[in-house]
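Enquirer: So you can see what is in the structure, the chains are spelled out below.
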Amino acid sequence: MNFGFPMRLQYMISGGDFNNAGAAASSLKKILKQLSIDSELVRKIVVALYEAEVNVVAHAYSGLINIELDHEKILIVIQDEGPGIPDIDKAMEAGFSTASEEVRSMGFGAGMGLPNIKKNTSTLSVESEVGKGTKLEMIIYLNT
Amino acid sequence: MTISQLVELLGLEVVCGQERIDEEVEFAFASDLMSDVLTLDKSGVLLITGLANPQAVRTSEIADVTAIIIARGKTITQEMSDLAEEGNMILLTSKLSVFKIAGELYSAGIKAIY
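Which chain is which? The protein sequence lines are X and S, in order.
Sequential numbering of the first sequence, starting at 13, is according to the working numbering.
Sequential numbering of the second sequence, starting at 51, is according to the working numbering.
Honestly, the hints are just simulated from the structure, not real lab data.
Glycine is no exception: its CB is placed at the ideal position from the N, C-alpha and C atoms.
It is possible that part of the hints are untrue.
Reference listing, derived: stretches of chain X covered by chain S, where coverage requires no fewer than 3 residues with Cβ under 8 Å from a Cβ of chain S [unchecked claim]:
id: 1; stretch: 27-34
id: 2; stretch: 37-49
id: 3; stretch: 56-64
id: 4; stretch: 124-134
The following label-pair restraints were derived from C-beta to C-beta distances [claimed, not checked]:
id: 5; chain 1: S; residue 1: 122; chain 2: X; residue 2: 45; range: 26 to 36 Å
id: 6; chain 1: X; residue 1: 149; chain 2: S; residue 2: 125; range: 38 to 48 Å
id: 7; chain 1: S; residue 1: 159; chain 2: X; residue 2: 110; range: 37 to 47 Å
id: 8; chain 1: X; residue 1: 87; chain 2: S; residue 2: 156; range: 39 to 49 Å
id: 9; chain 1: S; residue 1: 122; chain 2: X; residue 2: 47; range: 32 to 42 Å
id: 10; chain 1: S; residue 1: 138; chain 2: X; residue 2: 52; range: 11 to 21 Å
id: 11; chain 1: X; residue 1: 144; chain 2: S; residue 2: 51; range: 49 to 59 Å
id: 12; chain 1: S; residue 1: 58; chain 2: X; residue 2: 105; range: 38 to 48 Å
id: 13; chain 1: X; residue 1: 110; chain 2: S; residue 2: 125; range: 29 to 39 Å
All chains, please: the whole structure from these sequences, using the hints.
Expert: Take a look at the structure:
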């Protein structure tokens, strides 16, 4: 591959804007497909990003996505301004959710988001400060 | 089975993706929970859902779902069909229930993922 790597992308997320949740993942999917990256790998990357976008839209006020792609890996950092996560271990448990009824009525909020991000990434780190926001850093290696 | 055979079998309406109806589907999944759809380990499945909203379409695009059947004759909004067009999705509707659609397709040889 030779596309002027590393490639850097940035997207904004607005809290509560459900109709645009997934816009970044959708855009990234089209870009990764053009780069002929393996479709199963693309699926893992965009599912992880989409889950994170939905989390920001559902829980935070705003968020910023920074993506860096090189020959070996994709690094995705999602930083939000929001209420933060008081207990990250609890949030990582499958089935634990603090989602509103509105979020649930849209088909989300089953407490599967963070566990599913972990499942689809090579590494995931979650840092959060209550009252300030949450930062997710995920890496997916391209040659597994 | 091809999408077009499926359309004929169930009397589905093709809302988007007419140009792709010769594509094959082998597996299907039925859920109104999009979080569940996002945990599937398989691409190219058919999704049967009662959830008629843009999130169902977006989730299907992200999860590499080949085609969506929206059950029970629900209205497809402009936003849903726009998203489906943009994501090159096949969007189908049926007056039948999720249970009936799933039963018919299972009998016709469409397989479950799990």
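Enquirer: Each hint should be assessed against the structure and marked as holding or not.
Expert: Hints versus structure:
Proximity of the stretch 27-34 of chain X to chain S, defined as three or more residues with a beta carbon under 8 Å from a beta carbon of that chain, is established by the 4 residues found. Counting residues of the stretch 37-49 of chain X whose C-beta lies closer than 8 Å to any C-beta of chain S gives 3; at least three are required, and the coverage claim holds. Check on the stretch 56-64 of chain X: 4 of its residues sit with their Cβ under 8 Å from a Cβ of chain S, so the three-residue criterion for coverage holds. For the stretch 124-134 of chain X, the assignment as covered by chain S holds, since 4 residues bring a beta-carbon within under 8 Å of that chain's beta-carbons and 3 suffice.
Take residue 122 of chain S and residue 45 of chain X: their Cβ atoms lie about 33 Å apart, and the range 26 to 36 Å holds. As the Cβ distance of residue 149 of chain X to residue 125 of chain S is approximately 41 Å, the hint placing it in 38 to 48 Å holds. A C-beta distance of roughly 42 Å is found between residue 159 of chain S and residue 110 of chain X, which places it inside the suggested range of 37 to 47 Å. The hinted range of 39 to 49 Å is satisfied by residue 87 of chain X and residue 156 of chain S, whose Cβ atoms lie roughly 42 Å apart.
Against the hinted window of 32 to 42 Å, the Cβ-Cβ separation of residue 122 of chain S and residue 47 of chain X comes to about 40 Å, which satisfies the hint. Between residue 138 of chain S and residue 52 of chain X the beta carbons are some 18 Å apart, a value that agrees with the proposed interval 11 to 21 Å. At about 52 Å, the CB distance of residue 144 of chain X to residue 51 of chain S agrees with the hint of 49 to 59 Å. At roughly 45 Å, the beta carbons of residue 58 of chain S and residue 105 of chain X sit within the given window of 38 to 48 Å.
At roughly 31 Å, the beta carbons of residue 110 of chain X and residue 125 of chain S sit within the given window of 29 to 39 Å.
Of the numbered hints given earlier, the model fails none.
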